[in-house]
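2 protein chains.
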Amino acid sequence: MTEDWASRALPAPPITPLRWRGGWRDGALELLDQTRLPRDETWLTHRAYTTVVDDIVRLAVRGAPVIGIAGAYALVLAAREVTLAEPAIDVPTFFERLTPRAERIATARPTAVNLGAAVRAGLRAARACPGGNPEQITDVLLEAAMHLDAYEREACEGIARHGAAWLDGRTRFLTHCNAGALVTTGLGTALAPLYALHAAGREIQVYADETRPLLQGLRLTAYELARGGVPVQVIADGAAAGLIAEGHVDAVIVGADRVSASGDVANKVGTYGLALAADRHGIPFVVAAPLTTIDRGTVAGADIPIEQRPDDVGRYVDPACLPSGLETWAPAFDRTPAALVSALVTERGVVERPDATRIETLFATAP
Amino acid sequence: MTEDWASRALPAPPITPLRWRGGWRDGALELLDQTRLPRDETWLTHRAYTTVVDDIVRLAVRGAPVIGIAGAYALVLAAREVTLAEPAIDVPTFFERLTPRAERIATARPTAVNLGAAVRAGLRAARACPGGNPEQITDVLLEAAMHLDAYEREACEGIARHGAAWLDGRTRFLTHCNAGALVTTGLGTALAPLYALHAAGREIQVYADETRPLLQGLRLTAYELARGGVPVQVIADGAAAGLIAEGHVDAVIVGADRVSASGDVANKVGTYGLALAADRHGIPFVVAAPLTTIDRGTVAGADIPIEQRPDDVGRYVDPACLPSGLETWAPAFDRTPAALVSALVTERGVVERPDATRIETLFATAP
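Quick note, the sequences are listed as chains A and B, same order.
Mapping of the first sequence onto our numbering: residues 1 to 367, in sequence order.
Mapping of the second sequence onto our numbering: residues 368 to 734, in sequence order.
Careful, some of the hints might be misleading.
Claimed, not checked - If you anchor each label on the Cβ, the simulated ranges turn out as follows: (1) B:Arg471 x A:Ser324: 53 to 59 Å; (2) A:Thr42 x B:Ala376: 36 to 42 Å; (3) B:Thr538 x A:Glu143: 54 to 60 Å.
Claimed, not checked - Heads up, incomplete: computed chain B residues facing chain A, CB under 7 Å, no partners named: (4) Arg406; (5) Tyr590; (6) Gly716.
As the list claims (entries may be wrong) - Incomplete in silico selection of chain A near chain B, CB under 8 Å: (7) Ile15; (8) Pro87; (9) Ala222; (10) Val234; (11) Ala239; (12) Leu243; (13) Gly273; (14) Arg280; (15) Ile283; (16) Val299; (17) Tyr316; (18) Leu326.
Don't read these hints as lab results, they were simulated from the structure.
Backbone N, C-alpha and C fix where the C-beta goes; we use that ideal spot for every residue, glycine too.
Excised from the complex, chain A in its bound form:
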C-alpha cells in the first residue's frame, strides 16, 4: 500500500524527557532522571546551571539532541545567575561573567556535537541582541533555547516521515542504545520512523540491543517502545550479529552523537559492529539524526573525540560479579565509516550512501 508519509498524522511521543516552565526570571528546567528508568519516573527541577551540568555528566539526561536543548536552557540559567547577582552590570562585563559558565556547559561531555553547538548558537544570538542589557540578553537566550527545543521536536517529525517512507516494506528492525523520544523533545531519531510505521498499522517488530555498559536499550528503549505500544525484544549486544546472520533483521537503525562532514558516524559503542554485520549480510544500516547532529566542522570520524568512561563497565551489575582490581577499556562511543552507512535520515530528507558532497547538497537544499 502507498502512504502519503508527508501528510500522515504522527503519534504523540510516548514520553518527553525535558520541559521548561516559566519565563527567564522565574523559570526552571525540569528533567526526567533517566538513570532511574524504567523503575521510577523522577523529575528533577533545576534552577541553577551547575546542577544541569552535573545531570548531563551523570547521564540523567542523555542523547545528542536533548543534551543540546538542556545545554541551551542551562545557558539561560547561567545568564540569569549573572543578571540577578549584578543587575546593573554592563554588557561586556556580563559576557565576561557568562563565558566561563558557558564553557563549563559546552564541555560537560565531548562527543555529541549538539551540546557545544547549542551553547555557541545561544551566545551568538545573545551577542547579536540589539542594544541589549543583561535582562534582555537573558530573555533572548531563553528564546533561543525554546526555538531549539521546538526545532528538535519538529525535526523528529521530519525524520519520522522521511525514514518511514524509506523503510516502509521492511518490518523487523534492530536498534542500539536509545535514540527515541527520550533523546529529544519529539518522537526521537532512530525510533521516530518506527513509531510512524507502527501508527500507520505496519506490523513491525523491534529488536533492541541491551547496550552495555549502561543498558540504555534494556532500560530506555524497551521501556519507551512498550509505552508506545511497539513490540520489542531485548537481546544481548553479542547476539546481534547472529540475529542478522540468521535473517531475522530487515534493517539496522541507530541514532548518532555526531556525524562528520564526510558522513562518518560517532554513536554509542557497539554501533560499528552492527554496521559490519549489516554490511556482511546485505541489509541496510541506517543512521537517523537531525541536522544539528551533523558537524560540518568535523572533517572525518577520526576527528571526533570519543569520551572514555572507565567507571561505567561495572555499572548496573551485581557487585558480586566484579573481580578485584578491575581494569577496563571503556569508550562510550565508536566510529562507523560513511562507507558502511546505507542511508542517513534527516528532517530534510534521506541521504543514501552519504559522503561530503551529498551532505553539502543536503544542507544547500531549501528546508
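Given the structure of chain A, go ahead and fit chain B onto it with the hints provided.
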C-alpha cells in the same frame, strides 16, 4: 627469540574447577560453583548424579570440556546408585536401569558436544567390560572418567604449546566468554596459549569481553587471568569491534562449544561478531579446542543445536533496570563459519583455514 615450545615448562593452572575424590564406592565429585565467582570460591560435593545434572543446567559448572568430564563422573554416580540399590542385578538389567540416567546426563545441555560424547564413551567402555558385573562396570566407568579428566588436562598443554608457537610475536589478545582453566582440568583452551606466552616472559595484554548476559568474561576470565598474573582489561561486548578497528588487538582467540566436521564453530553468543571484525581488519581469528570438541558427526554449523536461555537476559543486573513485560531473544551461542577461522588450535596441532579435509587429516595424524 626462538622458543622450543614443545619442551618448555608450562605453569600450573591458576585454578581447577572440578575434582573427584575416592573410589567408585565411596567417592564424590567436587565442583567449584562458578555462578558465585569471583566473590566466593564455594565447592559443592556431589554424591548423586541428579545434583550434578542440576549444576550443569544452572551453569555452576560450564565450558565444553569440563561439562564432559562432569558428565563422565555423573555417570559413575548414576551407576553406583543402580549398583548399590540392587547389588545382585544382572548386567542387562543394570544397563536398563543406567540408560535413562545416562540420557538425562547427556541431554542436560545441547550445544557442547563434549557432554553427550563423554556419556556415550563411558557407556561404550562399560558395555565392553569383559564378563563384568555391576560393581566392575561402575569401576570401569570411573576409570573412563578419570581417563577423560587426565586427557583433557594434557590436551590443554598441547593447545598451550601449539597455540603459543603459532601466536608468538603477537602481544595483544582479545577473548570472549571464558575458555580458560575454569572450563577444563588444565590450563584451558583459548587462554592456555596465553598462559604459556606469559610464563615464557612475553609481555602480553589480554582484553576480555565482559560477555553478556552471564558475564563470564567479567566474572571468570578477569578473575582467573589476574590469579595467573596475566594483565587483563575488561571491555563491554560492544566495544570489541572498535577496539579492533583502532588497531589495539593482534589476534582474537576464543574457545568452542562444538566444531563441526567442516570447521564451523559454535561458541558463546557474540563470537561471530568478533570473527567479522577480525576479518574486516585483517587480524587472525583463532579458535582453540581439544579434539573432544570437534564433532565429526555434525556436518556443518547449521546442524549444531543452539540452546536458548530466555531468562538469562536480565541476569546479574540491578532489577531496577528491567522493564515490565520484558521479551527477549536469547541464544546462548552463535555460529561462526569456518571461512572466518584463521586457525584451529588443538592438542594435536594447528589447522589453518580449517575445512573438512584438513580436519580429517588432523584426526588421521598420529597423536
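Okay, the hints, checked on the actual structure:
1. Judged by the Cβ atoms, the range 53 to 59 Å given for B:Arg471 and A:Ser324 is violated: they are separated by roughly 38 Å.
2. Between A:Thr42 and B:Ala376 the CB atoms are about 59 Å apart, so this pair departs from the stated range of 36 to 42 Å.
3. For the pair B:Thr538 and A:Glu143, the supplied restraint of 54 to 60 Å holds, since their beta-carbon distance comes to about 57 Å.
4. Satisfaction of the interface hint for B:Arg406 is found here, the shortest Cβ-Cβ separation to chain A being roughly 4 Å, below the 7 Å cut-off.
5. Proximity of B:Tyr590 to chain A holds as hinted, the smallest CB-CB distance being about 5 Å (cut-off 7 Å).
6. Checking B:Gly716 against chain A by beta carbon gives a least distance of about 29 Å; that is not within 7 Å, so the hint is violated.
7. For A:Ile15, the suggested interface contact is broken, since its CB lies about 13 Å from the closest CB of chain B, more than 8 Å.
8. Of the supplied interface hints, the one on A:Pro87 is violated, with its beta-carbon coming no nearer than about 45 Å to a beta-carbon of chain B, more than 8 Å.
9. Against a cut-off of 8 Å between C-beta atoms, the interface hint on A:Ala222 holds, since the closest Cβ of chain B lies about 4 Å away.
10. Below 8 Å, beta-carbon pairs count as interface contacts, and A:Val234 has one with chain B at about 5 Å; its hint therefore holds.
11. Look at A:Ala239: its Cβ gets to within about 5 Å of chain B, closer than 8 Å, so that hint holds up.
12. For A:Leu243, the interface hint holds, the least distance from its beta-carbon to any beta-carbon of chain B being 7 Å, beneath 8 Å.
13. With its C-beta approaching chain B no nearer than about 4 Å, A:Gly273 sits inside the 8 Å limit, and its interface hint holds.
14. Hint status for A:Arg280 relative to chain B: holds, with the closest Cβ pair at about 6 Å, below 8 Å.
15. Residue-level restraint check for A:Ile283 is violated (minimum Cβ-Cβ distance to chain B is 14 Å; threshold 8 Å).
16. With a cut of 8 Å, the hint placing A:Val299 at the interface with chain B is violated, because the nearest CB-to-CB distance is about 18 Å.
17. Annotation: A:Tyr316 was flagged as interfacial toward chain B, and the flag holds, the nearest CB pair being 5 Å apart, inside 8 Å.
18. Because the beta carbon of A:Leu326 sits about 6 Å from the nearest beta carbon in chain B, less than 8 Å, this interface hint is met.
When held up to the earlier numbered hints, the structure conflicts with 1, 2, 6, 7, 8, 15 and 16 and fits the remainder.
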